[in-house]
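Those sequence lines, one after another, are chains A and B.
Counting in my numbering, the first sequence runs from 1 upward without gaps.
Counting in my numbering, the second sequence runs from 1 upward without gaps.
Please note that the accuracy of each hint is not assured.
Stated by the list, open to error - Which residues of chain A face chain B? A partial, calculated answer using Cβ under 7 Å: (1) Asn654; (2) His656; (3) Ser666; (4) Ile671; (5) Leu675.
Please keep in mind that the hints were generated in silico from the structure rather than gathered at the bench.
We treat Cβ as the ideally placed atom computed from N, Cα and C, and that holds for glycine.
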Amino acid sequence: MRNLPLDGELVEVPEAQDFELRQHDSILRLPHAFSFDRRGFFKVLGGGLLVCIAARHATSQESGAGAHRDHEPPKTLDSWLHIGENGEVTAFTGKVEVGQNARTSLAQQVAEELRVPLTSVRLIMGDTELTPYDMGTFGSRTTPQMGMQLRKVSASARAVLIQMAAERWSADASGLVVQEGKISDPKTNRTISYAELVHGQKLAKLIPDDPELTPASDWKVAGASAPKANGRDFVTGAHQYTTDVGLPGMLHGKVVRPSAFHAKLMSCDTSQAEKIPGVSVVHDGDFIGVSAMDVMTTGRASQAIRAQWDAPPQISDRELFDHLRKGASDENDNKEQFVLGSVEQSRAQASKTLQQTYTVAYIAHTPLEPRAAVAEWKDGKLTVWTGTQRPFAVKEELAQAFRLSPENVRVIVPDTGSAYGGKHTGEAAVEGARLAKAAGKPVKLIWSREEEFTWAYFRPAGVIDVSSGAKADGSIIFWEYDNFNSGPAAMRTPYEVANQRITFHPADAPLRQGSYRSLAAAANHFARESHMDELAHEFRMDPLEFRLKNLKNDRLRAVFQAAAEKFGWGKQKATPGIGFGLGGGFEKGGYIATCAEVSVQRGAVKVTRVVEAFDCGAVVNPQGLKNQIAGAVMQGLGGALFEAIRFENGRIVNPHLSEYRVPRFSDLPQIDVVLVDRKDQRSMGAGETPLTGIAPAVGNAIFAATGSRIRSLPLAPSGIPNKAS
Amino acid sequence: MAFTLVVNGTEQRVNVEPEKPLLYVLRDDLTLTGTKYGCGEGQCGACTVLVDGSPERSCRLPVSSAAGKKITTIEGLSHGEKLHPIQQAFLDVEAFQCAYCTSGMIVSAAALLERTPNPSDQQIISHMDGNICRCGVYARIIEAVHRAAAILGRAQNA
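Just chain A, with the same shape it has in the complex:
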């Protein structure tokens, strides 16, 4: 049993990242750093100044789970920044761009600290050969950690450049000023650009990483809206996603999938497929796949394979919640628990108590670009382009699968057609590489939508029991909370409750499950904020008033009040068919409050208006942030209202977009975003937490509109039956 850290400093706790990985990924691998020939950098980028940090330090800072490396001596230098002879600045990061706009926001932070125009900065991201080791793009950690890292590197680099100018002029460095990539000496009116300073040099500088940083209140480039990096390539179709990468002689691959989950291959006849000209067939253990010059031939070849599978009987979605509860592990080692005071001893002090159970279904990430890879073997070396959030983990996966030494594997992540936590793993990369190895040619493998819905992993389903009690004045006295399987993220309550017992129970999960945007925070916010609404109702208190009565945290109070004000909370009373609801909370350094208005006509639910207030510290890119928040509301609406994976006996029942409904234009409410820009607070990530308020806000609004309390997500896959409560 471990006590979870939770407060405003959560992000500073190294276990947080480790914890996130343990929670949802079974593939945590040891990071290795291998020396890279820095002359290679100069070959690629030309001369100039290369800014490096000893790798041990850089990775242990980036990775909480990297603590085991602390006793190792640094093996290499990580190169973070290059200032070219033409003044072009290149920053290197193992983070990837999956639509969260980190390529832009990180470049802004480099430009800010280096004092160069944003247009002169480009990022090389997610390339295991060029970028420093990185654990992965998840957990909303790009802004607080990588943003901070690149700010430090850039500020240090600025100091190095100023020093170079001072030496050249025999001037005092402290008297020099720098702006727009130029250093000048006001005393002598001399000016020199970074480009001139580094001209003709191939200089690698090791820098300290604790320079003084520019406070957010002085930001000029960061903190202001910046257009998406390479935006033009996305409106012309020029950007090459993994699915668009083409290599000479490349084949198209297809994997022959088992008949059901956990199926064993009993027999396999590939002879008919092998007769088709130009087809390469792989049958290796339980893996069967084909590749050919075009997709039509690949399709025919895969259909010509006769495979017999034997699958064990498996449960269906109808039995899901019983199964999770029964299958919960009671061993203390597996539980995550937080205890404060005594739930048992305080029970008698409550004037009212409430006990309810909430459930959430399995849902699918449904990234519009399916999992894909292009794999090429050349001179014993494997290069794979693939859309993953964890290029270095996929590199390890590949090295292990093909028994290669890691320096012979390179993973490159083109800016990817979204991920939402769904692309932590390297299935397509491994499969594509296996096919390419057999064919002796590069192979592109793009998962079909059906494969994506079936063989990817899912947002965990869960059962959540909440038992609570409050005194006559509405102050909550005890809070008992048990989450089965869905996950512990954000399961702690931000409200002031003297007696709490909050427990996460891992369970025997019937489907492959893993990370999903905000992890379990969406489920835990749904359960907690629905329950808060029910308690408020018990005490005949306004839901906002009830929350504020039980809430001390200033930043969370501020977003509740900001959202309520913009929404006009309390100004309009619910009428039959029209209701208002709210929900909010704290997770990953972000404070969120969401208000929703729904209309329920003849059982059909339409969310008509949403206001979401969000505080993630100092805002780096306001327009980009607003886009993330509104998008998260929209995506969260799907899981709130209608998304659910149905399954039966090891098969997914609805593995198509015609059967698995995701939000569309016609589901769009009016969305107003209120940014609470706290320049005095550290910038935190914003890709995930904005998704967590919408489900409880909508559920509570449905209750206000209809009197029906729905305690399961999705709330209304086929409308609201009359008076379900």
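Following the hints, complete the assembly by docking chain B onto the known chain A.
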């Protein structure tokens, strides 16, 4: 079988199976990869192209049905450096996140603006409802269509 297609104003001859979806002819045979695969069932709109001016789901359209017709893909909307107003509008209001749906969105919207130069919100929503943006950027896409309509209107009045 050999088919002749007029793609973005250029005559192209391809020798492929008649039932090969136009999507793969464009992407694999003609290396026009701006048109995306999203679902293969005509549900997401990422593969939308114009066939004789009408938006079609190229993942469900056999190449034999497109033979001899005028096909416009995302690559055919801009002219050199000059973007189509709807492309410019998407860029201006940043109507994308991961942008994988963007080609299909832009092509669908271009078809709408061709027929309905000044569409209402409701007309945009019903025309575009077959295009999925999983990142949820719908509100900005609607804004971009209005903006493009305004640009086109100004150009016409000028």
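Results of checking the hints against the structure:
1. Asn654: violated (12 Å)
2. His656: This interface hint holds because 6 Å falls under the 7 Å limit.
3. Ser666: holds (5 Å)
4. Ile671: Since chain B brings a Cβ to about 6 Å from isoleucine 671/A, closer than 7 Å, the hint holds.
5. Leu675: The hint is violated - leucine 675/A has no Cβ within 7 Å of chain B, the shortest such distance being about 16 Å.
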